Each structure stands twice: as structure tokens, then as C-alpha cells.
Amino acid sequence: MGTEDLVVRAEGLRKRFGSTQALDGVDLRMRRGTVLGVLGPNGAGKTTAVRVLATLLKPDEGTAFVAGVDVLKNPQEVRRKVGLTGQYASVDEDLTGVQNLVLIGRLLDLSGRDARRRADELLAWFDLTEAAQRPAKTYSGGMRRRLDLAASLVGRPEVIFLDEPTTGLDPAKREDMWGVVRTQVASGASVLLTTQYLEEADALADEIVVVDHGRVIAHDTPDGLKRKVGGQTLRVRPADPNRLPDVVRLLDLVAAPGTSASQDQTAGSRPGAASAPVASDEALDKLIPALRGEGVEVTELALHLPSLDEVFHALTGRTKAEELV
Amino acid sequence: MTTMAQPLARPAGAGFTRTIRHSAALAKRSLIKTIRTPEALIDVTIQPVIFLLLFTYLFGGAIAGDRGDYLQFLLPGMLAQSLAMGGVALGQNLNADIEKGVFDRFRSLPISRAAPLVGAVLADVVRYLSVCVVLLLFGTIMGFRVETGFWPAVAAVALSIGFGLCFCWISVWVGMMVRTSGAVQGVMFLLVLPLTFGSPVFVATETLPGWLQAFVSVNPITPLVKAIRGLLIGGPVAGPLATTLAFMAGLLVIFVPLALRAYSRRA
Chain A
25 MGTEDLVVRA EGLRKRFGST QALDGVDLRM RRGTVLGVLG PNGAGKTTAV RVLATLLKPD
85 EGTAFVAGVD VLKNPQEVRR KVGLTGQYAS VDEDLTGVQN LVLIGRLLDL SGRDARRRAD
145 ELLAWFDLTE AAQRPAKTYS GGMRRRLDLA ASLVGRPEVI FLDEPTTGLD PAKREDMWGV
205 VRTQVASGAS VLLTTQYLEE ADALADEIVV VDHGRVIAHD TPDGLKRKVG GQTLRVRPAD
265 PNRLPDVVRL LDLVAAPGTS ASQDQTAGSR PGAASAPVAS DEALDKLIPA LRGEGVEVTE
325 LALHLPSLDE VFHALTGRTK AEELV
Chain B
8 MTTMAQPLAR PAGAGFTRTI RHSAALAKRS LIKTIRTPEA LIDVTIQPVI FLLLFTYLFG
68 GAIAGDRGDY LQFLLPGMLA QSLAMGGVAL GQNLNADIEK GVFDRFRSLP ISRAAPLVGA
128 VLADVVRYLS VCVVLLLFGT IMGFRVETGF WPAVAAVALS IGFGLCFCWI SVWVGMMVRT
188 SGAVQGVMFL LVLPLTFGSP VFVATETLPG WLQAFVSVNP ITPLVKAIRG LLIGGPVAGP
248 LATTLAFMAG LLVIFVPLAL RAYSRRA
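Chains as they are written, first to last, in my numbering: chain A, 25 to 349; chain B, 8 to 274.
Accuracy of the hints is not assured; some may be wrong.
Computed list of lysine-lysine pairs in DSS-like fashion (alpha-carbon distance at most 30 Å, straight line) [stated by the list, open to error]:
| hint | chain 1 | residue 1 | chain 2 | residue 2 |
| --- | --- | --- | --- | --- |
| 1 | A | Lys-161 | B | Lys-107 |
| 2 | A | Lys-82 | B | Lys-107 |
| 3 | B | Lys-40 | A | Lys-161 |
| 4 | B | Lys-107 | A | Lys-97 |
| 5 | B | Lys-35 | A | Lys-161 |
| 6 | A | Lys-250 | A | Lys-310 |
| 7 | B | Lys-107 | B | Lys-40 |
| 8 | B | Lys-35 | B | Lys-107 |
| 9 | B | Lys-107 | A | Lys-197 |
| 10 | A | Lys-252 | A | Lys-310 |
| 11 | A | Lys-161 | A | Lys-197 |
| 12 | A | Lys-82 | A | Lys-97 |
| 13 | A | Lys-250 | A | Lys-197 |
One side of the interface only, derived from the structure: several residues of chain A facing chain B at Cβ under 7 Å [said to hold, decoys possible]:
| hint | residue |
| --- | --- |
| 14 | Gln-100 |
| 15 | Arg-103 |
| 16 | Leu-108 |
| 17 | Gly-110 |
| 18 | Tyr-112 |
| 19 | Ser-114 |
| 20 | Asp-118 |
| 21 | Leu-127 |
| 22 | Arg-130 |
| 23 | Leu-131 |
Rather than coming from a laboratory, the hints here were simulated on the basis of the structure.
No experiment lies behind these values; they were computed from the predicted model shown.
Every residue gets a Cβ at the ideal spot worked out from N, C-alpha and C, and that includes glycine.
Please model the complete structure; the sequences and the hints are all you need to start from.
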């Protein structure tokens, strides 16, 4: 792919805050009309990278081009072409939904009438028409996120930066947000989104960049990344915790070649379940009769994509939990 | 390089007129916020009235012997004091806006760095006007009389508001520099209280010890008080007015660039 197809091209970005090296030589490449998922834990440098690309922050070192424009040399031109939705919804709480969007339109040099028309259009599209005349402080968390996203789309940006757009949203709202991202891409925009969830990156991104400690530790397609980190995991939780050893034994039989089942010990997960990497969902077809045959009742039986912890474990050989020690 | 996602926004007009237009749009935003939270107007409505009542009826007799005479002396000075204090809230609000992330949105837009600050300052005119109207109305009820005429009084109000608009840039700068909006108030009061009390607002300068008279003579509030007093109850105007205008220009020259630079640096 030629560089002319790259709508984001960053090389060697470094940024230091006091004693924290937030970016330690980050390279990013995003093709036009695609979604790039930037995956990483809290503090990995995702937000800093987005703020640099959206001209809010100057890097200490490195170069970045967005939509073909040098972020450092011509930030105003970049601002004309990008939309940013930050991690914390930056809507003005005292303004109504429509006032928030009209203000952005006016600041983007739309006439009063055009700004109003664009605001109405976006409010309808984000299902906020009924709430349009209410101050944003009365909105729910999901509504604020939608208004914030709408605000970043007022100028029909070529490149959209979404910093953890679904953190804190319930699953249904998360799916709604995914739909919005897909629609934007379908209409020709390019989207760079940061997330802590492989599931989200997998659902939306054409390519995924994994960042850790201000560095890119992997850049791959979702399928490529899943191959690297072990694809799906089958998790089973027996109703009777004493049957856990039986569950481990049965899971072992369906585990992907070269892997084995184990009791869950990942940070944050409830104990009492076991899981095993599996090659395909055929493992379910084999496991269910086996569980029934041995009379094991289960309260949870699910196929999961690896958690962020597991991704990191596979890529770096260590878990986040170990790192905290 | 063109794609289906054609940017809607186009640069329109020269840089300066665009900045003015953007500032006006942002000033409207601040005004909407002011209307939505009328309690934020207490410091420019009820507070000056309380000061006026307090000083006239509690201290007036002791300071001047005659409350009516003291009110004539005090009210023009109160205008200056209230205007200096009126800008404190601006720095606090801007600080809070930045903490909440609202300004991240503005920063990501192709507008001048100055527009969000200029817009907020312009909207403050409403607050300063309210100080003047409230003090003059309430003062009149208490017995204050303009001794000069209508136009000098209008000029006094205009000068007060103009001074407020220049002085508030200190507050804007402090708002960009300190971490919390509470700290903005703390820092600003450390500055505003000595400036307003160490001035001819409340007492005649001749009654003060020499070192304090020296402070009063270089205090920028002093010529402002003298000019407003001259415009409302008579006395020399030209000299103090010229000094005040020079101070106002000085405030802008120093604190507008400082505030803009601090705003740009604040990540």
C-alpha cells in the first residue's frame, strides 16, 4: 500500500509527562476508509497518541500526518479535517443538545441556518430529537456520549478519532455505538478508535494496534491477532464448585491442539470456572454431551475472545496482574 | 485527495473577522450559561449591595460623620471595587471548563486560540453592566445623587465596564495557571483585596500613614476611583482618566498574551 492511501501516518512519536514516558516511539498507519483499533490497558498511551494526532498535544519527538497534513506544521488545517470524541464526554452541560451542536457548527463557519439544519439532522440520527431542547446535564451517560459523538461529526470530518467511545456504556448502548461507527465508515470516513476490549476492536477494526507502555507491541488484522493470541476461549462454570476438576478434565478433551484447560485465575474474574483455548465452536458440540453424560450442571458456558489480559499474556509472556507485583 | 466525506467547514472571511465571529458565538454560549444559573450573578448583584449597605450604615457615620455625605463619596468607589471583584468568577469558570474537558472540543476545532477566552470575556460585560445598574439604582434609593449629569454618568459606567474587561484578564491568566477553581478565587482575592482597600474607595487618602499613601498613589484602582468620582459627583476627570486608560492598556498588553500562552500550554 502506498503512503497516499494512509490517512494517518505517525512515526516515532514520543511524549513525556514528568517521569512518565507516555509515548515511547509510537508508529501508526491507518488506511483511508478503514477502522484502526488501538488496543491497550489504562495508561498505555492511547489517549496521548490520540491527543497528538488531533493536535491537542505536541509530541516531544516524531512526525505525524493526518489526512495528508502535517500535524505539527499545520494544525489548523488538520482541525478542519478531523473530529474528536474524547474519553470524557466534553459536551457543555448547561447548553441544550441543539445549542451544543449549533455552537460547533458556528465555530466551523456554518451560517446560522446551516448550523441549525446540521444540528437537527445529527440529533435525529442519534435519536436525540426529543431531548434536543433540554440542557445536556439532564442527559443519561449514553445520551451524553451520543451528543458528544454528534458534536465531533458536525463538520463531516474525513478522519474521526474516538477515544474509548464505549467505556462505561451498557452492552446495548455499546452495540448502538458500533452501528454509528460502521455507518461513518460506510459513508467514507476513516476512524481511529481506542479501546480496552479486544471484542470491540474485533467487531469494528480492519486492523488492530496493541500498545503497552507507550509502545506498539503488535499491529495486525483482527484474525491475525487472534491467531497469535489463541483465538477463542471456552469457559465453563459448574453449578457445584466441587465438580470443577471434572470440568477441567472434560475441557481438556476439546481444547485446541497443544493447549490445555485450566481453572480461571485471570485478574478480575470470579473463581469457580475453568476455561480452555479452542480451535472452533465445534468444541461446544463435543463438550455439552460430555458434561451431560457425567451429570455436571453448569451455570455458565460461553465462548469468549481473549480478554485484554490474555492478549498481553500471549504477546508479552506476562500478565497485567504480575506486572502490578 | 477528495473523498466522499467532504469536509463541510470552509474558511470564510479573513482571520480577524473569523476570530470575532467565533468569539461572539462563544460569548453567546457563556451568556446562556449565565442565564441558566442566575445564582452565579450573586457576586455582581446582591454582594455589592451588601457592601454598600454595610459601609454606609455601619461605618459611614464613624468615617465621615454624615451618612449621606459618605454615600456620595463611597458609591463611585464601590463601582471600581465591585468591577475588580466581578472578574474573579470568570477565571474560576474558565478553570472549571478546562477541567471538565469542554475546552478540548474547542481546541480540536479550526478556530483561533484566543476565541474561547475572548468570548468568555465579552460575555462578562453583562455581569459588569449588572454591577453598575444595581449599584446606581440601589444607591439612588438610599439617597445617592449624580451631581454632574446624564452623559458623565454614562461615561462613568462605560469606564467601569471597560476597566472590568481589562482587569479580568488577570483572572483569566490565573484561571489558566492554577489547578482548581477554588485556587483561582484564593489567588485573586489576595490581589483584589489589597488593591481595593488600599485605595481611595472607602477613606480619604490623607488619613492614611505615609507608606500606605505611597501604595495608594501607585495603585491602578486609585485613578479609576478618582475618574469615576469626578464623572459622578464632580471634580477633576481628565488626569485620572488618562492614567486609568493607560493602566487599562497596560493590563491588556501584559495579561492577554500571558493568558493566551498559559492556555496554549495547558494540556
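Checked hints:
1. A:Lys-161 <-> B:Lys-107: Given that 30 Å is the threshold and the Cα spacing comes to 13 Å, the pair holds.
2. A:Lys-82 <-> B:Lys-107: The given pair, whose Cα atoms are some 21 Å apart, holds under the 30 Å limit.
3. B:Lys-40 <-> A:Lys-161: Judged against 30 Å, a Cα distance of about 12 Å means the pair holds.
4. B:Lys-107 <-> A:Lys-97: 28 Å, holds
5. B:Lys-35 <-> A:Lys-161: 18 Å, holds
6. A:Lys-250 <-> A:Lys-310: 22 Å, holds
7. B:Lys-107 <-> B:Lys-40: 15 Å, holds
8. B:Lys-35 <-> B:Lys-107: Roughly 19 Å separates the two Cα atoms, so the pair holds.
9. B:Lys-107 <-> A:Lys-197: 23 Å, holds
10. A:Lys-252 <-> A:Lys-310: Answer holds: Lys-252 (chain A) to Lys-310 (chain A) is near 25 Å, not above 30 Å.
11. A:Lys-161 <-> A:Lys-197: With a Cα-Cα distance of about 19 Å, the restraint between Lys-161 (chain A) and Lys-197 (chain A) holds, given a limit of 30 Å.
12. A:Lys-82 <-> A:Lys-97: Within the cut-off at roughly 11 Å; holds.
13. A:Lys-250 <-> A:Lys-197: The hint holds at about 25 Å.
14. Gln-100: 5 Å, holds
15. Arg-103: 4 Å, holds
16. Leu-108: This hint holds: Leu-108 (chain A) lies near chain B, its Cβ roughly 4 Å from the closest one there, short of 7 Å.
17. Gly-110: 5 Å, holds
18. Tyr-112: Given a least distance of 5 Å, the restraint on Tyr-112 (chain A) holds.
19. Ser-114: Check passed: Cβ of Ser-114 (chain A) comes within 4 Å of chain B, closer than 7 Å.
20. Asp-118: Hint on Asp-118 (chain A): holds, closest Cβ of chain B at ~4 Å, below 7 Å.
21. Leu-127: Holds, because the Cβ-Cβ distance from Leu-127 (chain A) to chain B comes to roughly 6 Å (cut-off 7 Å).
22. Arg-130: 4 Å, holds
23. Leu-131: Holds - the Cβ of Leu-131 (chain A) comes within 7 Å of chain B, reaching about 5 Å at its closest.
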